[in-house]
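Protein chains: 2
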Amino acid sequence: MTDIYRFSPGTAVGDATMTALLGLKGASLAELCRIGVKTPPGFTLTTEICKQYFTSRRQLPEAVKTEVRQAIAALEQQTGKRFGDASDPLLVSVRAGAKVAMPGALKSVINVGLNEKAARALGKKHNDPEATTNMYHRFIAAYGEAVYGMDRDELDELCSAAADDDAATLQLLAVFAKHAGRAFPESAEDQLFGAIGAAFESWRSPKAERFRVANGMHEDDGVACTIQAMVYGCFSETSGAGVLFTRDANTGDKRIRGEFLQKGQGDELRQGVRTPLPFTKAQPKFGVQTSVEEGLPKIFAEIVAVKDKLEAHFRDMLEIELTVENGELYVLQTRAATRSPRAALKVAVDLVKEGITDERTALLRVEPDQIEKLLHPNLDPEAKRRAIAKGLPASPGAASGAVVFNAEDAIHQTKAGRRVVLVRNETTPEDIHGMNAAQGVLTARGGMTSHSAVVARGLGRSCVVGCSDIRVDYNQKIFTVPAKDGSSDTVVREGDVITIDGSTGEVILGEVRTVMPQLGDDFTTLIGWADKYRKLAVRANADTPKDAEVALAFGAEGIGLCRTEHMFYRPERVLAMRELILAREDHERKAVLKKLLPMQRGDFVQILTIMRDKPVTVRLLDPPLHEFLPNSDEEVADLAKALGMPTKLVRQKRDALREMNPMLGHRGARLGITWPELYQMQVRALCEAACELKKKGIETKPEIMVPLVMAREELAILRKLVLETIEQVSIDMHAEVKVRLGAMIEVPRAALVAKELGALSDFFSFGTNDLTQAALGVSRDDAGKFLGAYVDAGILERDPFVTIDREGVGELMRFAVERGRAANPTLELGICGEHGSDTRSIAFSVELGLDYVSCSPYRVAAARLAAARAAL
Amino acid sequence: MTDIYRFSPGTAVGDATMTALLGLKGASLAELCRIGVKTPPGFTLTTEICKQYFTSRRQLPEAVKTEVRQAIAALEQQTGKRFGDASDPLLVSVRAGAKVAMPGALKSVINVGLNEKAARALGKKHNDPEATTNMYHRFIAAYGEAVYGMDRDELDELCSAAADDDAATLQLLAVFAKHAGRAFPESAEDQLFGAIGAAFESWRSPKAERFRVANGMHEDDGVACTIQAMVYGCFSETSGAGVLFTRDANTGDKRIRGEFLQKGQGDELRQGVRTPLPFTKAQPKFGVQTSVEEGLPKIFAEIVAVKDKLEAHFRDMLEIELTVENGELYVLQTRAATRSPRAALKVAVDLVKEGITDERTALLRVEPDQIEKLLHPNLDPEAKRRAIAKGLPASPGAASGAVVFNAEDAIHQTKAGRRVVLVRNETTPEDIHGMNAAQGVLTARGGMTSHSAVVARGLGRSCVVGCSDIRVDYNQKIFTVPAKDGSSDTVVREGDVITIDGSTGEVILGEVRTVMPQLGDDFTTLIGWADKYRKLAVRANADTPKDAEVALAFGAEGIGLCRTEHMFYRPERVLAMRELILAREDHERKAVLKKLLPMQRGDFVQILTIMRDKPVTVRLLDPPLHEFLPNSDEEVADLAKALGMPTKLVRQKRDALREMNPMLGHRGARLGITWPELYQMQVRALCEAACELKKKGIETKPEIMVPLVMAREELAILRKLVLETIEQVSIDMHAEVKVRLGAMIEVPRAALVAKELGALSDFFSFGTNDLTQAALGVSRDDAGKFLGAYVDAGILERDPFVTIDREGVGELMRFAVERGRAANPTLELGICGEHGSDTRSIAFSVELGLDYVSCSPYRVAAARLAAARAAL
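Respectively, the protein sequence lines represent chains Z and U. Under this note's numbering, the first residue of the first sequence is numbered 1, with each subsequent residue one higher. Under this note's numbering, the first residue of the second sequence is numbered 1, with each subsequent residue one higher.
In short, the hints are calculated from the structure, not lab data. Hints are supplied without guarantee of correctness; some may be wrong.
All copies of an identical chain are treated as equivalent in the list; a pair is satisfied when it fits inside any one copy or across any two copies.
[Stated by the list, open to error] Straight-line Cα separation of at most 25 Å, BS3-like style, residue types lysine-lysine; simulated pairs:
{"no.": "1", "residue 1": "K477", "residue 2": "K653"}
{"no.": "2", "residue 1": "K785", "residue 2": "K590"}
{"no.": "3", "residue 1": "K373", "residue 2": "K546"}
These numbers were taken from a predicted model, which means no experiment stands behind them.
Here chain Z stands alone, though its shape is the one from the complex (with noise of 0.2 Å):
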């Protein structure tokens, strides 16, 4: 078979669906020939060409060149002009075409087949020489750019310099000639050729890499690149090029958006070079008088009928470019259209509304991530901004304040009514109050799933992390930005007002406007929809009684995951979580837990209130105690102090407590083991609460969850620790309530004794972050040295602490999943780790046949369309 596919209204051998072999381009256009939309005719070479290309040492091979020739015949008859012919030249643009818009990335040349004496004979022809000469500099400059690289900034002013037309034309031949080391080809199969390779070329460009790396593509796939016919929108009042959105991509209101040049080509609109015409009256204009609708009233009603029956026949928003010809429409392109994420909502309610799409799709139209960042403050689109750094974008929304460096001063200028923005190297589980003051933090250090940008996502805190950028100096109270090229560091003081945008990872000086998000009944509908169709659970990580309301109010069907650790956090409670880790005997411990079991009670009984019959999994304490010690030799003595303890001895203490590696230290059931006494009291907490709430009548599905679990035995020892307490309490409290028991699996030997560990185990919850630190021997608090370098280098796909690592830590997961239902065949199992907000490791719970994800509360509608979306 061959591999020109070619097109012409009517009749066309690809379609849409073939855009792997076609490009976008060139599967579109077949495509509107398929469905009779008036498009001019011409032909793709498909990517196996482009293969081809590559492997024929760059060039073209013959039988290729033989084909594109007779391709060419078959339009000149078509079109009853000749290719290369001096008086009424066959024009045709050649675009190179990938399976997704690559925009900017890609080379394109129209007017291809234009010499000299040709642009004397159209321009006679068309009675205006002076847009033919035009056109002919312009297609200089381009195949200089395309073909040979050269400046097309330098090429564009050489024209306006120049003293008239033919000076210019000379001036341009003559830096081309040395630019290039060759004449300009007055042949027009050389300028065809020329231009096909420049196409091949532009898709192993450095832009093209970034974007194909970025986006999982291939090298390997290649790009097409499609031949078509010129019409001409420059020679008469009644014709034009333009470009439109069939619907407003900022709001998905559904109206014509879009730009119209009349008497100009695609590439002069492009290049901006006279200010176009809106499409519709309603469209404001930019000093212009009038619009295609009132200008040119017959050609507007023709471009809506057109733009009806495809947006009815792509069953989407669509982008279309079109050419006008002396009164007749021709379509040269049409996509999807790229559309804000309130826009890419409504669209999707909206094409259901009107009969044009139906659920599934819709729910396929809007990206998860676009919902998420619904929900959160953005930065006005239309401010200016002055961005003086950049990190990693890890949780969306945007924030301004007065900068401070640490939680308390966050707390204190909080209370005092400014709002803040806190800036550390990193945080610590510490911080979190402050964190939760402030507007925004930014951290120097970390990565997407750092302590700070999961806190802050939990949180719904903006966050940028990872911003390498910036030098934090503690003592000064300053951070700096080093300066890049001669000028002078940026030095931001304590108290100045900064923006950090957490969609973008950009930090910028001063007060930027945001825009609040607004959900309503779209969102509601869209998610209601997704609800019907996904069969995977969503529960949300929720630590406070405040989480948990959040969780509630986005649809969470449940806790599953609640940090026991951050209720010991607050202030006044992790002095008696200190006194509990520096008692000296054992009475004095138990005094200790006795003081925190009615806190720990108080806040179990409120989220179970809150979550009444949902299920609430709470994870017994997992982080190393010393996260609980000051770090700083004042805080010691302060403490110390508190304590009525010597100084040296609470020091002594934290010191021995200290861990090289606390990730893989004494944290999690080996807590649980070494200290049972701990454990007890918040088994009872939970329990006393449940029993509580029952006396009152309302049932609750408390759950317990053991973390870091790595053996049989040692779940089998905790979890008669738990059943005993639980028997206790329903003696000591006359009353009877069910607590079902899990294990974290997030050791990778705990996936691969999982048999053992179901047969204890009512559920299993991955904790896919630690699994993947464990999996991959990679820390995600020290990763960002590494992992960027990692995923730009394609050994790793994608960053394995956003989407589930499926060939290592996924394959772990597989093994739990059947080595456990193995054993317990009703085992409950999901994911409480970052990953369960993730599109990807959604969509890959669903193939595990997972029953639950759960995520922060932000991000649990999100989820619920992942879930829906992995379903369909």
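Fit chain U to the known structure of chain Z by using the hints.
Only chain U this time, still in chain Z's reference frame:
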């Protein structure tokens, strides 16, 4: 079938193999009867009865009691005496016996059946009332202790303090009644069942439990109880009781050693109330004038004959317990004798030479650990010592020296001619040269595979780690051992001499005499046999020419792990390394790399020259870079000065490089990806070294190993780098060398993607230390706080850093072996972690089908033996 096994000379139901059912005692008595060695008749209650006892509320079931009565009746018939008879009663011994010897942990009572009346009658019969009264007293005391937990010493004292024998009897009985809450049982049957109960109970005593846990035995195994008719060594000059070793337990020489108490019973011999006779005239006499050989020549001849018969039968050196009654010899028990490492070696080899056993048996009779102990100087067991603290025995051998508290002092003092022991909280790679200079290393923290332990073993230095009894104060240069009870703390200052015993973990004040090992011919013979039977190759981990020489001397068949970073820690080189890390410009880095190249090449030339045609596996740089930078601000300032950099900058750089979890940080292959020049330099150094030698006619086998690999593409990139560098060197040096390339499998993901890695590797080397850390989520540096509890609670069968965890780590290894070999059938597989020298792990390696293990040079011989044992 009955659960009571009777035995009498010439006839027995059981045999020596039935230790699990009959206990070691019961089984060996049955065996003695089977082979016709004279022993009094008796019967054994099996471990099954023990289980019944515990499941029947700690009572003997009635059916068992009936059977016991029948067995007693049979004994009465065989001996012609009656149990409980008042004139010439049958007395029996009641002894608990587990399947292995548990010295001192289990209970035995002899002379059961004795009461006041019988004692008198016996005294009259043997014309020795004093002896029988004494017997009676000892019986009351022994019974009180065994059955009622009374204090034996107190009871004995009571006897010696009493005015006369009758008074003693009265007092004993009174104290007994008071303590036991009942009168001393006069009934023989009551005594018997009481003693049997005590025997079973002793299985659950704390002493027995500790022993069980330490030896991996289970409570459910139960203990047997052997009842045997008494014979009397106490009633004539041609009577007595003795214990002998068939060979010298210290040296292994073929000569009887042991003690014989003339006119005495076995319990008296053990109590040491009178000075016993030596067996032979050659044996030292302590305060006695004769020996059994001289004084009782006929009996001695009989003993020699029995000893030879038993050695030949059991094919081992034995410990024999015997009683002589009126010139009649009875063997009461025989078992394999406990022996020193030196004796174990000699006996194993001698028995083969004497034609008693074969080579295979000899190999199974010497533990690899014993071989290792032979290689280090040990504390003279005769010397007095006062242990002030105890830690983990991390590296065998003993060392005495003045205490120093940092590596620099260790080097300095050693240069000044002093022997020192380095005491630290923990050691870091910077301390290596100090550790090498010191005689031994003592640390307050860390486990059996902590940095200190690993390095010390590698260096062959004795080492005690995790000695949590001590408090190190670097400022005052002292360490303190807090007092346990009232007394004052022990303070050890810099310069004080201590001795550490790396085989026991003891820390001793002052110097203790040591004995040096002598290997000799037996060693060579045994290891020669080992090499004949093993299939697994044994290489050594060696980082320096000296290591390589030691390794070769111990028979290493190559170097399986040459850690290049250790080459950089040398004082004269670490500065260059630091310069490299701190360099700001590319050209600076290149300059330093040029400086490092010849140093590294020089190391390789030396090592390759030593190893010649044996493989040398070089691991590319592995540790995170911050390990090369100084910690203290002082050192930072010095470094900045040395490099002419601003101190602030150096500090910033150091802080920026610091990691939360260095174990999971920017290290291994990740350095190679982000900093290819460094790996290039290392590969070049190795290749140039090999080429240089090749030109001199020396063929070598260099191998390159990439650490911490986790993904196919990562290995592909580094493989390309290595191959290109090799090619470049071969062009530059006009010589070609073959360099094999392998991946370290030390993160779980690597094991899971082993198929992809296998296709790119000549070999896999399991880094089982790191693989264990990641698979279990346990940092070996921090595990000290809970790993002990995990092993004690049976959660982990053994310390996973000592013995490979089969269920977790082992399963990952199995994946890697299967998948790697599937992709590459010629893939070579080895272990280079600390596990390479652990006997059980070596057995597992054989099971997995690995090709080699690599261990510390000093462990090579032990590993060779272990590999042979695993093959048998």
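Which of the stated hints cannot be reconciled with the structure, identified by number in ascending sequence? none
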